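2 protein chains.
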Amino acid sequence: MWCQSCREEYEERDAGTCKECYEEASETEEELKREIDDLKSKVAFLRLASPHDLVSTTDLVLHASSSTSPSSPSNPNSSLCTTPAVPAHRAVLISRSPVFKAMLENEMEESRSGIIKIYDVSYDVLRSFVHYLYTAEVLLDEHMACDLLILAEKYQVKHLKIFCEKFMTSKVNSENAVASYAFAHRHNAKQLLEASLSLIMDNMATLTEREEYKELVEKDPRLVVEIYEAYLTRQVNTAAKDLTLQP
Amino acid sequence: MWCQSCREEYEERDAGTCKECYEEASETEEELKREIDDLKSKVAFLRLASPHDLVSTTDLVLHASSSTSPSSPSNPNSSLCTTPAVPAHRAVLISRSPVFKAMLENEMEESRSGIIKIYDVSYDVLRSFVHYLYTAEVLLDEHMACDLLILAEKYQVKHLKIFCEKFMTSKVNSENAVASYAFAHRHNAKQLLEASLSLIMDNMATLTEREEYKELVEKDPRLVVEIYEAYLTRQVNTAAKDLTLQP
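Top line first, the protein sequences correspond to chains P and X.
For the first sequence, full-length UniProt numbering begins at 1 and goes up steadily by one.
For the second sequence, full-length UniProt numbering begins at 1 and goes up steadily by one.
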């Protein structure tokens, strides 16, 4: 027989589908592609101009601390005004984040002054964060993904958090698995947690030699316990499966 | 053979694809569906809250004339302040429409006053128009589609114009074909023009009896000429094809 799709001959044992199903599947594919085109043009329409191109209409500014370590801002006030402000619109922040919504719709200091101070990020990260709120676009590297995920979690911008988590999950390897696992745990990133835990368990033989492992034992031994528990569960399941498969 | 998709038996002459192509097609379908899910969540993210929910942050208002006929506002000034204003954000209007962008980024009266007067629409249409600029959503009926298309053309909101045109094209029938054709011509709606012209040509026998035809001959005879020219071209082509097919 001749395949209607690749136009090559095949044997009966390599048969796939009947003609009707093939034609239906082709139609479905066309429909899905049309839907994708429609959605893409909707995304293009809904994307706002960058706030820097709309600066004359902005009604608040965000200030970042120049401290680059998100977890330990040494002196929050010292560098506040040394980095440029990031202009934005209340309406956009309110639409994108329930945290900004609560902050700006109530009589809070930020709402009155039109200044939102964000101590625990660098200027570059804050700028990318705000840019994402307008455009749903950002160029990620591993550092940026990590910092933006933290910010997205803090301000409950789910879409950005998922985007960063996907990126980080695609970058997990045996070298960074322990660090990724600890990070995922800290920031409730389930997909990243599962991917890194799975990779850790695939490399249990070398786990205890790793520097990050030793650090984790020091800092957060409960997390290490969870690794061992997961490993044990996996071993028990594998053993049970092997037993079932025995003749 | 058994079809892997519908699980029914089929004869050799009803064969569709080989197994490899079937599996590939299934994977492609899954991928396309994932892409659709991603795009849908991006659309949900980019959608702004309705301006009515953001009213405390709006920085301009649009006023509609209560005149319901878009083409003949009898006295533009008479009803300006009798309908409620539609609040909006400069940033959103600038992002969505090059016409609003030019209006608001230059020192025009509208930019200074924060009031945009739109005489040739009803309040309901203007509200739906602005709502669409924020959300890419609108509930259409034939009147609304028609009025919004006009507004979308005027303010160069391409995405909305295409959306309305698609809706109107889906509603063309032998009853409204002549009116749709004239409307499409006036507003550069190519898809609608082709659909209505095709339907007119399918019903040429009754064309001259129609009231809208007689009106069109009065108002815009050149459009009627174009109908006859298209009909003639179609007849010539059909005749040529018939000749080729003759043995």
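Simulated from the structure, these hints should not be mistaken for lab results.
Take the hints with a grain of salt, since some may be wrong.
[Unchecked claim] Pairs of lysine-lysine, DSBU-like flavour, derived with a Cα cap of 30 Å: (1) Lys33/X <-> Lys101/X; (2) Lys33/P <-> Lys219/X; (3) Lys101/X <-> Lys101/P; (4) Lys241/X <-> Lys158/X; (5) Lys158/X <-> Lys42/P; (6) Lys33/X <-> Lys158/P; (7) Lys40/P <-> Lys214/X; (8) Lys33/X <-> Lys171/P.
These numbers come from a predicted model, not from an experiment.
Earlier hints that do not hold, by number = Those not satisfied are hints 1, 2, 4, 7.
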